[in-house]
Amino acid sequence: MERESPPTPPILRYSALAAVAYLLLDGLVGGWLDHQPFLTSLLSADDPQEWWMRIITIVIIFLFGFWARNAIRHQHTLLRSLERARNELQLLIDSASEGILFLDTDEKVQLANPALCQLTGYTLEQLQQGDLHTLLDPRLPDGDPLDSDHCPLCHLNPEERTTTHIPHLLLTTAHGDTISAECWVRPVRNAADLPEGWLATIIDIGKRIAAEQKGRELLEDLQREQTRLEARNEELQRFAYVASHDLQEPLRMVSSFVQLLQRRYNDQLDDSAREFIGFAVDGTTRMQQMINDLLEYSRVGSQGKPLKPMALRPLIDAAIANLQLAIEDNGATITVTPSDAIIMADESQMIRLFQNLIGNAIKFQPEGQRAEITIDIREHPLRITIRDNGIGIPEAYRAKVFEVFKRLHGRDQYKGSGVGLAVCRRIVMRHSGTLTIADQPDGQPGTTFVITLPPAPESPAKEHTP
Amino acid sequence: MSNHTFTILLIEDNPADARLVQEALAENKLLLDLQVAHNGEQALARLMRQGDHRDAKLPDLILLDLNLPGMDGKEVLGRIKQDPDLKRIPVVILTTSHADRDIVQTYNLNANAYVIKPLDFDQFMHIVRSTTQFWLTVAVLPDGRVDE
Numbered sequence: 019m020e021r022e023s024p025p026t027p028p029i030l031r032y033s034a035l036a037a038v039a040y041l042l043l044d045g046l047v048g049g050w051l052d053h054q055p056f057l058t059s060l061l062s063a064d065d066p067q068e069w070w071m072r073i074i075t076i077v078i079i080f081l082f083g084f085w086a087r088n089a090i091r092h093q094h095t096l097l098r099s100l101e102r103a104r105n106e107l108q109l110l111i112d113s114a115s116e117g118i119l120f121l122d123t124d125e126k127v128q129l130a131n132p133a134l135c136q137l138t139g140y141t142l143e144q145l146q147q148g149d150l151h152t153l154l155d156p157r158l159p160d161g162d163p164l165d166s167d168h169c170p171l172c173h174l175n176p177e178e179r180t181t182t183h184i185p186h187l188l189l190t191t192a193h194g195d196t197i198s199a200e201c202w203v204r205p206v207r208n209a210a211d212l213p214e215g216w217l218a219t220i221i222d223i224g225k226r227i228a229a230e231q232k233g234r235e236l237l238e239d240l241q242r243e244q245t246r247l248e249a250r251n252e253e254l255q256r257f258a259y260v261a262s263h264d265l266q267e268p269l270r271m272v273s274s275f276v277q278l279l280q281r282r283y284n285d286q287l288d289d290s291a292r293e294f295i296g297f298a299v300d301g302t303t304r305m306q307q308m309i310n311d312l313l314e315y316s317r318v319g320s321q322g323k324p325l326k327p328m329a330l331r332p333l334i335d336a337a338i339a340n341l342q343l344a345i346e347d348n349g350a351t352i353t354v355t356p357s358d359a360i361i362m363a364d365e366s367q368m369i370r371l372f373q374n375l376i377g378n379a380i381k382f383q384p385e386g387q388r389a390e391i392t393i394d395i396r397e398h399p400l401r402i403t404i405r406d407n408g409i410g411i412p413e414a415y416r417a418k419v420f421e422v423f424k425r426l427h428g429r430d431q432y433k434g435s436g437v438g439l440a441v442c443r444r445i446v447m448r449h450s451g452t453l454t455i456a457d458q459p460d461g462q463p464g465t466t467f468v469i470t471l472p473p474a475p476e477s478p479a480k481e482h483t484p
Numbered sequence: 002m003s004n005h006t007f008t009i010l011l012i013e014d015n016p017a018d019a020r021l022v023q024e025a026l027a028e029n030k031l032l033l034d035l036q037v038a039h040n041g042e043q044a045l046a047r048l049m050r051q052g053d054h055r056d057a058k059l060p061d062l063i064l065l066d067l068n069l070p071g072m073d074g075k076e077v078l079g080r081i082k083q084d085p086d087l088k089r090i091p092v093v094i095l096t097t098s099h100a101d102r103d104i105v106q107t108y109n110l111n112a113n114a115y116v117i118k119p120l121d122f123d124q125f126m127h128i129v130r131s132t133t134q135f136w137l138t139v140a141v142l143p144d145g146r147v148d149e
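Quick mapping for you: the protein sequence lines, in order, are chains A and B.
Throughout, my numbering is defined as the position within the first sequence, counted from one, plus 18.
Throughout, my numbering is defined as the position within the second sequence, counted from one, plus 1.
If you're looking for bench data, these hints aren't it; they were derived computationally from the structure.
Don't take every hint at face value.
[What the hints assert, rightly or not] Derived lysine to aspartate or glutamate pairs resembling EDC-like cross-links, with alpha carbons at most 20 Å apart:
#1 A:LYS433 x B:ASP121
#2 B:LYS118 x A:GLU267
#3 B:LYS58 x B:ASP34
[As the list claims (entries may be wrong)] FRET-style restraints, in silico, Cβ to Cβ:
#4 A:PHE257 x B:ARG102: 31 to 39 Å
#5 A:GLN431 x B:GLN23: 22 to 30 Å
#6 B:GLN23 x A:GLN286: 17 to 25 Å
#7 A:THR454 x B:VAL105: 40 to 48 Å
#8 B:ASP53 x A:GLU252: 42 to 50 Å
#9 A:GLN431 x B:ARG102: 53 to 61 Å
#10 B:ASN15 x A:GLN286: 22 to 30 Å
#11 A:GLY296 x B:LYS58: 37 to 45 Å
All values derive from a computational prediction rather than experimental measurement.
Every residue, glycine too, gets a C-beta built ideally from N, C-alpha and C.
One chain only, chain B, in its complex shape:
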């Protein structure tokens, strides 16, 4: 497992936030390939392997911000969870929203976890690291190459 490179797709429109996640993950001991999509359309094109993304590898984990320009996070989530090839990829919602409605709606759309970004820098770093660590090394995930 230790020499396996994990691919994470971060769907986040704010480059500063994306960079912060990248910094947090850099302190991980895992071999990671962090891909960033700045909006929902870009993320879906990559996941559906359209256009330039024909040869893109499917991610092991998706980190999804809810507040996106254009197609919003819930719509992206819905599309992912309806796609037979994509629906088993764990999607972790990474957001600042405390709204009950957002929590209920995303779980109803089969989000795998809802994580609120802590305001405190150290806590943020810790949460991002531990969340990815859990999904990539603790939780056992289906191997994408094997069919049901």
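Pulled out of the complex, with its shape left as it was, chain A reads as follows:
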């Protein structure tokens, strides 16, 4: 960059200005008094009135000199701050990580910062001597060359007033490498609003493009994997459904004919034969139950209905109503905290969830004990705890009880195939929630299930307000 010569020392400027001021005043005041140069008349005068005049004149000269001195000092300060600003600007341009290029209206390079030289591999001199478009050879991202008259980087439309952003341009470096660049081209106009040239900012986006490409590939991989998983999941669900449905047929034959044998030939059989048939019938009945449960488990995913916003409390009430017989048999008491929480739910699945959990709380009680069940609903975030006073679940089994066909007790003790909690967890997962077992407060006996659910996007009551 071109530098101006250092400013003249202030004392010289002061003297020069004072001399000019003196000569001006000398001519003016001298002429005004008696057509004599002032200095001569000042020395030769003896009239007291003139003395006053001369004193006033001297004061004026002094004041003028004082003003001039201040003016000069001010100008000097201005010049120094300008110099400082220029140095700072230079430092900024030199240390910028973006390549900065200034071209004049003849499309000649006036300025190129070190970052730009590093980016392109060219020195400032090389850029100034050669034709920028030929040197950088800008191309479109697909590799198509750009006509030099239409190159947004090297050719400026003099009418253009706004910054042009070029998101992706391929440039050739001095070493013959191709780099990916993002450029901003800003027209520069002088005070008279005439074009002076343009300022181009260029950054290397090779790494970003590579990262974006990598990201896209990863995302595609992920999407492929997800599609594959979804297809597999769907296939598995279909398989579980078809298998359990089709398995029932031959099982029904085994069980039916064994029972037919028992019925038709009962008096011809000995005790052992009758016992064997009993085991066979029991086995087929259990298997039928398991297949039914498996069907129910697979239906959570395959036959679910779309989730809709609905009030939570009526779902719990419906589950309790479905369990009325068991509740009366056991003499169970159930307390539910009032709540007007709204959730996104598949109604029948949500009722099934509460029915399974409350049903378990009634079922898993020490012999003869009445179930006491507390259902607590907290909002923000939605958290439902179902606590009972039953036999509880040892901590070591808290994860296992959610597995399909996982039972903790003998069949003769508590009935069931061990699918209930697996179905519950699946239902909650389908509702994007969690189902866990929490610690009992103060080591009290019983079990506490905790359900968390995402809130409904908006209240349906508000939605329907006309």
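Given the coordinates of chain A, assemble chain B onto it according to the supplied hints.
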């Protein structure tokens, strides 16, 4: 009525299932002639009195399984209900399918009843007996020999 022999055509590909129906009906007090067709083509040939079935008597009731090899149960049903001589014979669908689609489609094809086979042996026996009993002795059916 009591000495009248009823003819039932059971269209069922699984011999074990057919036998089970036969066993259930054996406990009925009705005089029954149970004929079994193991696929749709065989059933239609019998109903249309083609080939060896030239002298076959038309059944009083048809029990139809939906899941048949080759021509499926719904197609057989459609053909029966489009035939002017066969369409008034009651057809009871006897199946393990719970699918809504099957229920709607078969009723649209003018099935007379849709019965799901119970998994439980005793219930199965009971359902087969009571269904046939209803169609053969409770419901009044047109006499095949009288024209409209």
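Tested hints:
1. A:LYS433 x B:ASP121: Holds. LYS433 of chain A to ASP121 of chain B sits at ~19 Å (cutoff 20 Å).
2. B:LYS118 x A:GLU267: holds (10 Å)
3. B:LYS58 x B:ASP34: holds (10 Å)
4. A:PHE257 x B:ARG102: 31 to 39 Å: violated (20 Å)
5. A:GLN431 x B:GLN23: 22 to 30 Å: For GLN431 of chain A and GLN23 of chain B the Cβ distance comes to about 42 Å; the hint is violated.
6. B:GLN23 x A:GLN286: 17 to 25 Å: Taking Cβ atoms as reference, GLN23 of chain B and GLN286 of chain A lie about 21 Å apart, which means the hint holds.
7. A:THR454 x B:VAL105: 40 to 48 Å: At roughly 42 Å between Cβ atoms, VAL105 of chain B and THR454 of chain A fall inside 40 to 48 Å, so the hint holds.
8. B:ASP53 x A:GLU252: 42 to 50 Å: At roughly 47 Å between Cβ atoms, GLU252 of chain A and ASP53 of chain B fall inside 42 to 50 Å, so the hint holds.
9. A:GLN431 x B:ARG102: 53 to 61 Å: violated (42 Å)
10. B:ASN15 x A:GLN286: 22 to 30 Å: holds (27 Å)
11. A:GLY296 x B:LYS58: 37 to 45 Å: The hinted range 37 to 45 Å holds for GLY296 of chain A and LYS58 of chain B, with Cβ atoms some 44 Å apart.
Against the hints set out earlier in the document, violations occur for numbers 4, 5, 9.
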